[in-house]
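*Asks:* Single-letter residue listing:
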Amino acid sequence: MGQQIANGVFLGSIYALFALGYTLVFGVLDILNLAHQAVFMLCAYLALFLVLHLHLPMFAAFPVAVGAGGLLGLGIERVAFRPLRGRADSNVSGLISSIALATVLEALALQLFGPDVERFPFGIVPDRSLRVGGAVISELQVVIVAIALSMLLALTWLLRRTALGRRIRAVAESPKAARVLGVNVDRVIASSFFLSSALGGAAGVLFGLAFNSVSPDMGRAVELKGLAVIILGGMGSMPGAALAGFALGLVEVFTVAKLGSSYRDAVAFGVLFLVLVLRPRGLLGARALREA
Amino acid sequence: MLLSLSDVRRTFGGLKAVDGVGFQVAEGEIHGLIGPNGAGKTTLLNLVSGLIRPSGGEIRLSGKRIDRLPSHRIAALGVTRTYQNIRLFPSLSAAENVLVGSHLRRADPLWKRMLFWPSCRREEADAAEWTAALLARVGMAERAGELASSLSYGEQRRVEIARALASAPRALLLDEPTAGMNPTEVASIAVLIREVARAGHSVLLVEHNVKLVMDVCHRITVLNFGKVIADGTPAEVGADPGVIAAYLGSEA
Amino acid sequence: MSASDLWLTYQSTVAFVGLNGLLALSVYTTLSCGQLSLAQAGFMAVGAYASALLTLHTSAPFPVVLLAGALAPALLAVPLGLPVLRLHGVFLAIATIGFGEVVRIFFVNLEATNGALGLVAIPQRTSLPTIYLALLGALFVLWRIRGSRAGYALEAIRQDETAARTMGIDANAYKLSMLVLGAAFAGLAGALDAHFNFMVAPESYSFGRVVDMLVYAVVGGSAAFYGPVVGAAFLTLLPEILREVSGPLGLEPGPLRLFVNGLVLLLVVLFLPNGLVSLPRRLRRWRAERRGEAYAP
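Chains as they are written, first to last, in our numbering: chain Z, 1 to 292; chain X, 1 to 252; chain D, 1 to 297.
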């Protein structure tokens, strides 16, 4: 039982990190960025490349990959979202253009890296196991959970305590009001994308390490789980995304233990469905869609 | 009585937008609904047309309760409306907008369409005639083929009224139809409203233009802070001290 | 390459243009009343499996098999639609994506159909004429709806659902009908595809599949009922043409197709939002402006 919980927390921390990026952008722009999973995947590849070919140690490759993820996010915003800003149907057209960009990025990855799964070299990360209260945990898992949690906390601190955070929350509340108050809405949106994609990239590297597998389609599977997480947690709610991420991780692990692994994905979608039908605003969500 | 409201209430969060409103509209009557900004007039129209549900009270059409019905059912029972910020279908023409409004009057089964049934042609021609007649009634006959989005403000309002009349409703709800109009345009709307009532439709007219309301309406209900503060003929309401007080200091 | 080899390759491309056209129309039906539904891959799977099972286990004639392929998902669309069509925009899209995935996972786990391996050795009963007959049938239905009372109601719902309701239009009923119709189209395409490609396997009906369908509809233009077919034709043929180029450049056909799909979709969404079918009008306007004339559409 303790083992399940440990595994669930571990899986959940990665889901939470990924979902946080999704929900951050949704909270600010009312738009779902479906290119998020491409950043997830590309940063994993970047970390792999840095480690394999430039022989960087992991603790150096990680921040570089995360930073690159943030920059990629800026690019995504500039190309796929900003040109659509004034349009009436910008929610849906933004969704579609982000799908387009994700497809392009996935195609590039497929062409450059091929469809096969790649692995991190042996020994790149500490590999010892610890025994904690009846559960076997690897050092890697501890490190990953620690990194995920500290990023969550860092984001919370940034949003609560810094000027940028206040501006982000203002724009999330109402872009018009924020603009009237002198906030540079374009800059805030760009910053949100930077942060969001940095988190997504971090999740990607951690995921790649955790399961020792990097492939062009790794983003797709997580993308849909990520949707389930943000719906469950409530769109636009960051504590909700974190909470729901851990919840989903735990539920998945327990489902696999009881019903076998073939149903693990069904759980995510089952939850997604029930939530949308019964309580669309999720656990902690405040609103459906903002009235501009 | 065609339309009767009793003790209608609606709260949003903690705010009582409509607080125990009751009044009645007879057949063929033009009934005005006035009050300062935020008095609850548009909310009331939204309640009657079924866009939102009341938190309490009853709304009846010819004795039948309509307050829990979905808006398309309410329209089918004979209540249509226009909107404060004009909601024409932007990429349809004026004529097509009115044609959509005639949805309830038409019978155009799809299976007949699939089989190229001859009666389809005739039905379409009838519908087009009806549409043209309505547009002529509101003075928009020459602009029938124009895209709704390229019409002027006043023209759009008139098309919207034609569209609301297209289903031959028993009651027509007008939400500030003369907002932003010059006196000539207001006068022509007044003529149109009188003509609509003479043709047998009841009209519930929400307006800021108090003079228009006094001229055109048979009876008026005055709202303030979601409550009725006066209800009667224009003469009675105009002399009511509570009404005068409510309007002093607010733009009337 | 001999003439018969040439025909074989050519034939399958033409077949895919037809099938993709039908799939694109299945996404269009819901787009035409303003709903972005992405469940069609799931509907396609249901149609494919239902029809394949009928063929493999009974001696039902092909028309009956195809009918079953269209009806099975159409019936499924009703219990899906009733709760889900209350949602709008992104929420509806996500719910329908979820549904499609649940269907796929269901088939992956279904012992009776060999799980992830799917069904094989399905006799090829689909011919080019059959595919195009189905496509034309779908186009016919959509053509007759346009300009009718129902067609205008759908357009009204798309442009302003609330206002449409206050004119007596039962938006829920119309939206559900379009979902069911789209499911029938997708199921029919699935059945035709299963009997053309000899097999059905869950991996063919993933989220990526419905994204393809959406791309065809958006690229072609979802304002006109024939737009999605234009998009499907364009995006099915383009990679074939580019294949000539890709070989020498060392580009893989799989990634190339994906790349082209994504790039074209992006360009269309950004610069030609009403799709390829709006291109002639755009060009005329641009040329008129160039010459300094006023442009009257």
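These aren't lab readings, by the way, just hints derived from the structure by calculation. Fair warning: there could be bad hints in the mix.
Said to hold, decoys possible - Covered stretches of chain D, going by a simulated chain X footprint (3 or more residues, C-beta under 8 angstroms):
#, stretch
1, 139-145
2, 160-171
3, 205-213
Unchecked claim - Short derived list, chain D residues pointing at chain Z, Cβ under 10 angstroms:
#, residue
4, Val14
5, Ile97
6, Gly100
7, Val102
8, Val108
9, Asn109
10, Leu256
11, Leu279
12, Leu283
13, Trp286
Virtual Cβ for every residue (Gly too), placed ideally from N, Cα, C.
*Asks:* Holds or violated: the stretch 205-213 of chain D covered by chain X, criterion of 3 or more residues with Cβ-Cβ distance under 8 angstroms?
*Replies:* Contact hint for the stretch 205-213 of chain D vs chain X: violated, 0 residues under 8 angstroms.
*Asks:* Can we keep the Leu283 (chain D) interface hint, with Cβ of chain Z closer than 10 angstroms?
*Replies:* With Cβ-Cβ at 21 angstroms, over 10 angstroms, it is violated.
*Asks:* Does the nearest C-beta of chain Z fall within a distance shorter than 10 angstroms of the C-beta of Leu256 (chain D)?
*Replies:* It holds, given that the least Cβ distance between Leu256 (chain D) and chain Z is near 7 angstroms, below 10 angstroms.
*Asks:* Can Leu279 (chain D) be said to touch chain Z, with a Cβ gap under 10 angstroms?
*Replies:* violated, 18 angstroms
*Asks:* At a Cβ distance under 8 angstroms, does chain X reach at least three residues of the stretch 160-171 of chain D?
*Replies:* holds (count 11)
*Asks:* Hold the hint about Val14 (chain D) up to the distance rule: shortest CB distance to chain Z must be less than 10 angstroms.
*Replies:* violated, 25 angstroms
*Asks:* With chain Z as the partner, please determine if Ile97 (chain D) meets the hint condition of a C-beta pair closer than 10 angstroms.
*Replies:* Given a least distance of 7 angstroms, the restraint on Ile97 (chain D) holds.
*Asks:* Within the stretch 139-145 of chain D, is the number of residues with a Cβ closer than 8 angstroms to a Cβ of chain X three or more?
*Replies:* Holds: 4 residues of the stretch 139-145 of chain D have a Cβ under 8 angstroms from chain X.
*Asks:* The hint names Asn109 (chain D) as touching chain Z; please verify it with the least Cβ-Cβ distance against 10 angstroms.
*Replies:* Constraint on Asn109 (chain D) satisfied, holds at 5 angstroms.
*Asks:* Hold the hint about Val102 (chain D) up to the distance rule: shortest CB distance to chain Z must be less than 10 angstroms.
*Replies:* holds, 5 angstroms
*Asks:* Under 10 angstroms is the threshold here; is the Cβ of Gly100 (chain D) close enough to any Cβ of chain Z for the hint to stand?
*Replies:* Status holds, d = 9 angstroms.
*Asks:* Please check whether Trp286 (chain D) passes as an interface residue: C-beta within 10 angstroms of a C-beta belonging to chain Z.
*Replies:* violated, 19 angstroms
Of the numbered hints given earlier, the model fails hints 3, 4, 11, 12 and 13; all others are met.
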